[in-house]
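Construct the complete structure from the given sequences, taking the supplied hints into account.
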Amino acid sequence: MNYELKHIPERPNKPRDVGFTMAMDKGLSLREVEDFIDSSGEYTDIVKLGWATSYVTTNLKDKLALYKEAGIPTYFGGTLFEAFVIRDQFEDYRKLLDKYDMEFCEVSDGSIELPHDLKLDYINKLSDQVTVLSEVGSKDAEKIIPPYQWIELMQSELDAGAWKVIGESREAGNVGLFRASGEVRSGLVQEILTKIPFEKIIWEAPQKAQQVYFIKLVGANVNLGNIAPNEVIPLETIRLGLRGDTFHHFLNNKDLL
Numbered sequence: 001m002n003y004e005l006k007h008i009p010e011r012p013n014k015p016r017d018v019g020f021t022m023a024m025d026k027g028l029s030l031r032e033v034e035d036f037i038d039s040s041g042e043y044t045d046i047v048k049l050g051w052a053t054s055y056v057t058t059n060l061k062d063k064l065a066l067y068k069e070a071g072i073p074t075y076f077g078g079t080l081f082e083a084f085v086i087r088d089q090f091e092d093y094r095k096l097l098d099k100y101d102m103e104f105c106e107v108s109d110g111s112i113e114l115p116h117d118l119k120l121d122y123i124n125k126l127s128d129q130v131t132v133l134s135e136v137g138s139k140d141a142e143k144i145i146p147p148y149q150w151i152e153l154m155q156s157e158l159d160a161g162a163w164k165v166i167g168e169s170r171e172a173g174n175v176g177l178f179r180a181s182g183e184v185r186s187g188l189v190q191e192i193l194t195k196i197p198f199e200k201i202i203w204e205a206p207q208k209a210q211q212v213y214f215i216k217l218v219g220a221n222v223n224l225g226n227i228a229p230n231e232v233i234p235l236e237t238i239r240l241g242l243r244g245d246t247f248h249h250f251l252n253n254k255d256l257l
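Under UniProt numbering, think of the first position of the sequence shown as 1, with each following residue one higher.
Just so you know, the hints here were simulated from the structure itself, not pulled from any lab data.
Fair warning: there could be bad hints in the mix.
[Said to hold, decoys possible] Straight-line C-alpha distance at most 25 Å; calculated PhoX-like pairs for lysine-lysine:
1) Lys-139 with Lys-14
2) Lys-14 with Lys-61
3) Lys-216 with Lys-14
4) Lys-61 with Lys-6
Quick caveat, the model's predicted, so the values are computed rather than measured.
Listed below in C-alpha cells is the structure:
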C-alpha cells in the first residue's frame, strides 16, 4: 500500500484461498490485458475468459501467456465446457485444456440439461487433470432452485472433486442468486452458508450492491467473481472499508480496533 491507515481489514497474500477475486475477460486486447495487469494484477486472483469467447479471441496463446507471466491463472468459461459436451466432444475438451496448458477449468450446466450424476462424473475426471471450479445454478431466469437443492448440489460437487463451487448469476447479475432486478436472494444465500463453508464458494457478483451485500454478510475476505476488469480496484476498496458503502462497517468491527 502507498501509505498507512489504521483499522483496515487484513487481506491474505496471493496465492490465497479466501478473499478471492475472479475477474472476467470478455474480449480484452493484448494491450488492454497489459494495462489491466499493470493496474489491477495485484488484486486479481484468477481470470475467466467469459463463456466461449476463447473460440473467437485473436492471439489467444499470447493473451494466456501475459496472464501466466503475471502469475494470474486463467480458465475458460463454463459455457465452453457445455458447448463441447452437448456436441459429444468431451475428450476434445480435455485435449484443449492440455493444448493451452490450462491449470483450471469450469464445469457448469447453466445452459444445458445435464444429469447431475453425469456432471459429477465430469468433475471427477477433470479433477485428475486440472483444478475444477464447479458452477451451480441456471442461466434460465424462470428456473428457481430451492435452497436445499443448492446445498445438495454444491456439496456433492465438492465431494466429486471441485476445489470451489461458483454461485451462478451470469455476467449481468440477474439470475440464479439474484432476482431480475439484481436484488440478492438473501434467504437463499444465508441458508447456503449454514451448510457450505464460505471459503468453498465463489459468489458471482458483478454489481456493486451485490458485492457490498456479500462483504457485509461474510467479511472482507469473501470470494467474489464475474468482476469487470475496471471494477477490481473499486471492489478492493469496498473490501477494505475505503468506499462509502462499507466505510463504517469495519470501523465498527471491534476485532480491528
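Check the hint pairing Lys-216 with Lys-14 against an upper bound of 25 Å on the C-alpha distance.
The hint holds at about 22 Å.
CA of Lys-61 to CA of Lys-6, is that 25 Å or under?
violated (43 Å)
Lys-139 paired with Lys-14 [C-alpha distance capped at 25 Å]
violated (31 Å)
Just to be careful, I want the Cα atoms of Lys-14 and Lys-61 compared with a cutoff of 25 Å; is the pair within it?
holds (24 Å)
Going through the hint list in order, the structure does not satisfy hints 1 and 4.
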